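Given only the sequences and the hints, what does the whole structure look like? Please build it.
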Amino acid sequence: METVKVCCLPVDPQQFTSHSQYHRWLVSRLKELKTSGVQLALLPAYTGLIIFQANVGLPEPAWKQVLKRYWGNLELWNSIFVDIHSDCAKQSQMFLAAGTTWTNINGSPVHTAYFFGPNGELIGRQGQCHLNRRERNLMTRATDVSVWATDIGQIAMVVGTDIWYPEVSRILTLKGAQVLLAPVAYAAPFNRWLQVAGMWQEVQQNQVFALENWLEGHLFQQSFAGTANILAPCEITPGETGYLAQGGPGSKSDNLPVATLNFRHLEEIRKSYPLSKFLNRDLYSRYFPDIYRRQNGGRIAQDD
Amino acid sequence: MISFKEKLLAAYLNWQSRPGKIKKYLSQKSITPSANCRHINPEMIRVAAVQLEMQLVKDPLQFAHRMYEKVREAVQNGAQLVVFPEDNASQLLGLLPGIEKIARRAENLDAALGQLGPDLQVADIFGFLGPYIKSIFLTTFSTLAGGFQVYINGGSSIFPTGEGRVVNEAFLLGPDGRLLGSQKKTHLLPLEGEWGLTPDCCLEVFETPLGNIACPVCMDATYFEPFRILYLLGADIVTLPIANPEEYNFWKALRGIWPRVQESPLYAIKSAMVGNRFLGFKFTGRSGVYAPLELTADKDGVIAEATSFDKEEIVYAELDILKLRAYRQTAEVTGDVNMELYQKYFPQIYDILPSK
Numbered sequence: 001m002e003t004v005k006v007c008c009l010p011v012d013p014q015q016f017t018s019h020s021q022y023h024r025w026l027v028s029r030l031k032e033l034k035t036s037g038v039q040l041a042l043l044p045a046y047t048g049l050i051i052f053q054a055n056v057g058l059p060e061p062a063w064k065q066v067l068k069r070y071w072g073n074l075e076l077w078n079s080i081f082v083d084i085h086s087d088c089a090k091q092s093q094m095f096l097a098a099g100t101t102w103t104n105i106n107g108s109p110v111h112t113a114y115f116f117g118p119n120g121e122l123i124g125r126q127g128q129c130h131l132n133r134r135e136r137n138l139m140t141r142a143t144d145v146s147v148w149a150t151d152i153g154q155i156a157m158v159v160g161t162d163i164w165y166p167e168v169s170r171i172l173t174l175k176g177a178q179v180l181l182a183p184v185a186y187a188a189p190f191n192r193w194l195q196v197a198g199m200w201q202e203v204q205q206n207q208v209f210a211l212e213n214w215l216e217g218h219l220f221q222q223s224f225a226g227t228a229n230i231l232a233p234c235e236i237t238p239g240e241t242g243y244l245a246q247g248g249p250g251s252k253s254d255n256l257p258v259a260t261l262n263f264r265h266l267e268e269i270r271k272s273y274p275l276s277k278f279l280n281r282d283l284y285s286r287y288f289p290d291i292y293r294r295q296n297g298g299r300i301a302q303d304d
Numbered sequence: 305m306i307s308f309k310e311k312l313l314a315a316y317l318n319w320q321s322r323p324g325k326i327k328k329y330l331s332q333k334s335i336t337p338s339a340n341c342r343h344i345n346p347e348m349i350r351v352a353a354v355q356l357e358m359q360l361v362k363d364p365l366q367f368a369h370r371m372y373e374k375v376r377e378a379v380q381n382g383a384q385l386v387v388f389p390e391d392n393a394s395q396l397l398g399l400l401p402g403i404e405k406i407a408r409r410a411e412n413l414d415a416a417l418g419q420l421g422p423d424l425q426v427a428d429i430f431g432f433l434g435p436y437i438k439s440i441f442l443t444t445f446s447t448l449a450g451g452f453q454v455y456i457n458g459g460s461s462i463f464p465t466g467e468g469r470v471v472n473e474a475f476l477l478g479p480d481g482r483l484l485g486s487q488k489k490t491h492l493l494p495l496e497g498e499w500g501l502t503p504d505c506c507l508e509v510f511e512t513p514l515g516n517i518a519c520p521v522c523m524d525a526t527y528f529e530p531f532r533i534l535y536l537l538g539a540d541i542v543t544l545p546i547a548n549p550e551e552y553n554f555w556k557a558l559r560g561i562w563p564r565v566q567e568s569p570l571y572a573i574k575s576a577m578v579g580n581r582f583l584g585f586k587f588t589g590r591s592g593v594y595a596p597l598e599l600t601a602d603k604d605g606v607i608a609e610a611t612s613f614d615k616e617e618i619v620y621a622e623l624d625i626l627k628l629r630a631y632r633q634t635a636e637v638t639g640d641v642n643m644e645l646y647q648k649y650f651p652q653i654y655d656i657l658p659s660k
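Protein chains in written order, with the numbering used here: chain B, 1 to 304; chain V, 305 to 660.
These are computed hints drawn from the structure, not numbers from a lab. Certain hints may be false.
[Said to hold, decoys possible] Derived DSS-like pairs: lysine-lysine, alpha-carbon spacing no greater than 25 angstroms straight-line:
#1 Lys271(B) to Lys556(V)
#2 Lys405(V) to Lys362(V)
#3 Lys362(V) to Lys309(V)
#4 Lys325(V) to Lys311(V)
#5 Lys556(V) to Lys277(B)
#6 Lys277(B) to Lys648(V)
#7 Lys31(B) to Lys5(B)
#8 Lys333(V) to Lys438(V)
#9 Lys438(V) to Lys586(V)
#10 Lys648(V) to Lys175(B)
#11 Lys311(V) to Lys405(V)
#12 Lys362(V) to Lys615(V)
#13 Lys271(B) to Lys586(V)
#14 Lys362(V) to Lys586(V)
#15 Lys374(V) to Lys615(V)
[To be verified] Here are a few chain V residues that face chain B, going by a calculated C-beta distance under 10 angstroms:
#16 Tyr329
#17 Leu330
#18 His491
#19 Leu492
#20 Asp504
#21 Cys505
#22 Glu567
#23 Leu599
#24 Val641
All of these numbers come straight from a predicted model, not from anything done at the bench. Just so you know, even glycine gets a beta-carbon here, dropped at the ideal spot from N, CA and C.
So this is what it looks like as C-alpha cells:
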C-alpha cells in the first residue's frame with residue numbers, strides 16, 4: 001500500500017458520564033472519519049482512566065488513590081477497555097491505537113498501549129519501557145518492544161515517557177517500523193519544545209512517520225496539556241517543517257490532524273539521504289550496553 | 305616513484321607550512337595573556353561560538369591572521385572557551401597552486417577535482433595536503449591558545465591518519481598551548497562517504513577546569529548514540545563544529561545538537577561555517593549555545609544564538625556546570641535506564657545494517 005490516511009483523535013476526559021456514552025461517542029467519531037477515508041486513528045494516553053472516570057463518577061480523588069483503585073480491579077477495567085475499543089475498531093472498520101491502560105506484569109502495573117485491527121482483533125500491546133521521576137515509584141517498566149506487520153504498513157507504538165528515550169524509536173525503526181504511534185499524557189502547562197524534543201526529533205533521526213496524541217484536559221485532579229500532530233522527515237513535509245498535520249490546543253473536532261502518509265516518499269528520502277547507512281555499529285559495539293550502567297553510578301570494564 | 309613535480313610541490317608546501325613562519329608572524333600581533341582562565345568559576349563558564357565565512361585561503365599567514373582576529377575578539381569579550389567551525393582548516397585548500405582558477409571555473413567540487421586529475425577523490429587531495437594543513441592549523445591555534453591563555457576548539461578539517469585512512473578531525477587546545485586531544489568524526493555525511501573518508505569508532509571526553517569537554521563533529525549530532533555515550537562518559541560540555549551544505553531552514557537546522565542535549569543533559573556550543581562561494585558549496589548556520597529546556601530562560605533549549613544564518617558573528621554565553629550536574633539528579637523525564645531492554649537489543653540490533 002503506497003498511501004495511508006491517518007488521524008489523531010483528541011478525547012476530552014470530562015465529556016463522558018458513563019463508559020457506554022464514551023463507547024457511543026467513539027464509534028460515531030470513528031465512523032465519520034472512516035467515511036472521509038481515514039484508515040488509522042490514534043487516541044491519547046490514559047483512555048482507560050477516562051473510561052474509569054466516566055463510569056465511577058468519583059469526586060476527584062488524588063492521582064495516586066485513583067491509580068490504586070484502578071489497579072485494584074485491573075482485570076475488570078481492562079476487560080471493559082478492550083471490549084469497547086475492539087468494538088469501535090470493528091464497527092468503524094479502522095485500525096485503532098486505543099490509547100493506554102495498565103497491564104499487570106508479575107504483580108506490577110505496566111503502562112500499556114493497545115492496537116486493534118479493523119475486524120476488532122487485538123493486533124498487539126506495547127508497554128512503556130522508561131519511567132519519568134514520578135512514575136518510578138508507581139509502576140514498572142516493560143522490557144521489550146514490538147513491530148506489527150499490517151496491511152497499512154509496519155506499525156509500532158512508543159508509549160508515554162518513551163518518546164524522550166531515543167533507544168526505543170531506534171530499536172523499533174531498525175526492527176522495520178515505518179509508522180510510530182505515540183499516545184502521551186503530560187501534566188500542564190504545555191511546553192511545545194518539550195513536545196518537539198519527543199517524537200518530532202525521533203522522526204527526523206530515524207526517517208519514519210509518526211502520530212502523536214497528547215491528552216488535553218482535566219482528569220482526577222490533574223490537568224494535562226498538549227497537542228496532536230502527524231510527523232514526517234522534514235524533506236517530505238510542507239515547508240520542510242517536519243509536520244504533515246498539526247492539531248491546535250484543545251480537543252475540538254476542528255483541530256483534528258489528518259494526513260496521508262506516502263510510503264514511496266518515505267523510501268525516496270531514505271534512499272537520497274540514507275541516515276541508517278551511516279549508523280556506526282563499530283562505535284556502538286564498543287560501548288553498548290554496558291555504558292548504561294554508569295547512569296546510576298555503576299562501573300564498566302573500561303573504568304577498571 | 306614520486307615525480308619531480310610532486311617533489312617540488314611537497315617542498316613548496318613544506319616551506320609554506322613551516323611552524324616558525326606562523327609563530328613569527330603571530331609574535332608580531334598584540335597577543336597578551338588574558339586573565340579569563342586564571343580564576344575559573346564553574347557556575348560561570350564563558351564560552352564563544354565563532355560563525356565564520358568559508359574562504360579559499362592561499363597564504364597560511366592570512367589564515368593565522370583571521371583566526372587571531374576572532375580569538376582576540378572572543379577573549380576581549382571574556383571567553384574562556386572558543387569554538388570554531390567544521391572544515392575550518394579546509395580553507396587552506398587554497399595552498400594548492402592554481403586552485404583559485406579551478407574553483408572559479410568549476411561549478412562544484414567534483415568538477416574541480418576532475419580538472420586536477422582523473423579518478424581523483426577528495427580523500428586523495430586531503431591525504432596529500434593534510435599534513436601541511438594540520439601543521440598550519442595546530443601551530444596557529446597552539447600559539448593563540450597559549451598566547452591568550454584560553455581553551456580553543458579550532459574546528460575541524462580532513463586529515464590522513466597515517467594508517468591509510470582519511471578522517472574529519474577536530475582539535476582541542478589548552479591555555480598553555482598544548483593539544484589536549486582530538487576527536488575524529490564518527491558519523492559521516494553521505495557526501496563524505498562518497499569522498500572516501502572513514503568514520504572513527506572511539507569517543508573521548510577531556511577533563512578540564514572548565515568542565516568535561518567533548519568534541520564531536522557536525523553529523524555526529526544527527527544520531528543520539530554518540531551523545532548518549534559522551535554523557536555517560538562524563539561530558540558536561542559538547543563543542544560541535546558544523547559546516548552545513550544546504551539552504552537554511554529553521555526546522556532542518558533544529559535536527560542536530562538541540563534534540564541531543566534534551567535527550568542527554570549536556571551543554572552544547574555549536575559553531576557554524578557560513579558562505580556561498582566555496583567550490584560550489586553554500587554553507588549556512590546558525591551558531592548557538594544550547595541546554596536542556598529547564599536550564600534556559602524561555603524553556604526553549606536556547607541559551608544564545610546567532611542573529612543570522614549566513615554572516616560572520618560570535619555568539620557568547622555563560623554556562624553553569626554545577627547547575628547542570630544538579631539538574632541531572634532531579635530532571636523529570638530523563639535519567640531512566642532499562643538494562644534489560646538494552647541487553648536484549650544492543651549492540652546486535654545494529655547488525656541488520658547493510659555493510660558499507
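So, going through the hints one by one against the coordinates:
no.	hint	in the structure
1	Lys271(B) to Lys556(V)	holds, 18 angstroms
2	Lys405(V) to Lys362(V)	holds, 12 angstroms
3	Lys362(V) to Lys309(V)	holds, 19 angstroms
4	Lys325(V) to Lys311(V)	holds, 21 angstroms
5	Lys556(V) to Lys277(B)	holds, 19 angstroms
6	Lys277(B) to Lys648(V)	holds, 22 angstroms
7	Lys31(B) to Lys5(B)	holds, 14 angstroms
8	Lys333(V) to Lys438(V)	holds, 22 angstroms
9	Lys438(V) to Lys586(V)	holds, 24 angstroms
10	Lys648(V) to Lys175(B)	holds, 13 angstroms
11	Lys311(V) to Lys405(V)	holds, 22 angstroms
12	Lys362(V) to Lys615(V)	holds, 22 angstroms
13	Lys271(B) to Lys586(V)	holds, 23 angstroms
14	Lys362(V) to Lys586(V)	holds, 20 angstroms
15	Lys374(V) to Lys615(V)	holds, 14 angstroms
16	Tyr329	violated, 39 angstroms
17	Leu330	violated, 37 angstroms
18	His491	holds, 5 angstroms
19	Leu492	holds, 5 angstroms
20	Asp504	holds, 8 angstroms
21	Cys505	holds, 4 angstroms
22	Glu567	holds, 5 angstroms
23	Leu599	violated, 12 angstroms
24	Val641	holds, 5 angstroms
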